[in-house]
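Student: The listed protein sequences derive, respectively, from chains A and B.
Numbering-wise (numbering that gives the first Met the number 0), the first sequence opens with residue 0 and increments by one.
Numbering-wise (numbering that gives the first Met the number 0), the second sequence opens with residue 0 and increments by one.
Heads up, a few of these hints could be off.
Okay, derived cross-link-like pairs now, DSS-like style, lysine-lysine, Cα gap no bigger than 30 Å in a straight line [what the hints assert, rightly or not]:
1. B/LYS254 to B/LYS18
2. A/LYS45 to B/LYS153
3. B/LYS47 to A/LYS45
4. B/LYS11 to B/LYS246
5. B/LYS11 to B/LYS273
6. B/LYS273 to B/LYS47
Calculated from the structure, these hints are not laboratory results.
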Amino acid sequence: MASMHVDIVSIEGQIHQGEAAMVFAHGEMGELGILPRHAPLLTRLKPGAVRVRDADGSEHSFFVGGGILEVLPHLVTVLADTAIRAKDVDEAKAAAAKDRAAKMMANAKTETDIARATNEMIQAEALIEFLDKAKKGHT
Amino acid sequence: MAGAKEIRTKIKSVKNIQKITRAMEKVAMSKMPKAQARMRAARPYAEKILRTISHLSQANPEYRHPFMASREVKRIAFIVVSTDRGMAGGLNTNLFRAVVRAIRDWKSKGVESEYAVIGNKAATFFKRVGGKVVAQVTHLGERPTVDQLLGTIKVVTDAYRAGEVDRVFLAYPQFVNTMTQRPSVRQLLPVEPLETAKLPTHWDYIYEPEAVDLLDTLLARYVESQVYQAVIETTASEQSARMVAMKASTDNAGKIIGGLQLAYNKARQANITKELAEIVGGAAAV
């Protein structure tokens, strides 16, 4: 079976690299499932999970807080804004982040503050949803 | 024993200085590995985003982003990244020298420059020498985040977009290894793509959403990552340079103490001899 190289990086470090049979991601225009020899594609990602299926069928999932996805026929690059390893994500942290965002929203003064707060809220919600799914075992 | 006493006070003060420099050396030594690890961790992102941009420059989009098109140079901007604190040997001085040289080169071609400064030392330097400082951010701490840098970056990229500056350079003390840090002044905008393996000649990405919007995000991220990389490389350079500089000062203080000790012993000996001579002289008189 054909495979492709996958790199998931965030500014804080390398998250994942290796060969994969399929990659799933939340594109801004909709859900994406990428197989080897996909047409070149460049898209923004929504906060959520990026799942990588290896050639042997095992799956890894990573949380990204948005970012950019580049697809070439044999190369997939995820430039994540904040990507944390799923197992490292701690639920309390997500709740705290959401709490912070909500608090910030409550005493937001300017438009940019509101925009930032909304953004944090969306990220926190996506993270919580991701964790819920991970707990149920069908990530 | 007037002379000896003075020397003794001097020895004491040099010893105190030595204690401080030794402590600073140890602190820098313990902070260094973490700073270097952070620097290495950020490298893959910088490499990957440059790779994506290099691919992009070989594609044939109907739209060329201004960050990728070079134009006639009339005005330039420097983003100068320095440390917040001194006691790091010639790290900042060497950097400023390199920047000033670059500014002079451009000036001889009739190109004026403006500056965005990151780090306290660069801020005070440009305050002293003068020059148009358009943005500044200082006191980033040991763990700088991209968040802290966004404002400064935006000022510069907005100026570039508006055509106020035609080129942007990034200057920072590049980390070569623990013993060597080299001042680096390199072009940030327009982006100079890497030579990559040849891709088919006529192709383009599918862009989701619009290419304009997407390339904007991508290139903004690219600039952010480059500046962030420069900043954390500066912190790594800072700790290494400080460690080396403080080790040298500790050694120098040791040498000074040795010299002073010798002078002190001589003075003491001379004093004893003098006293003996006096006693002997006194006894002879009786």
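Student: With reference to the structure, classify each hint as holding or not holding.
Tutor: Hint by hint, here is what the structure shows:
1. B/LYS254 to B/LYS18: 14 Å, holds
2. A/LYS45 to B/LYS153: 23 Å, holds
3. B/LYS47 to A/LYS45: Since the Cα atoms of B/LYS47 and A/LYS45 sit roughly 19 Å apart, the hinted pair holds (cutoff 30 Å).
4. B/LYS11 to B/LYS246: It holds: about 19 Å lies between the C-alpha atoms, which stays within 30 Å.
5. B/LYS11 to B/LYS273: 26 Å, holds
6. B/LYS273 to B/LYS47: Violated - the C-alpha atoms of B/LYS47 and B/LYS273 are around 78 Å apart, more than 30 Å.
Hint violations for this structure: number 6 only, all remaining hints satisfied.
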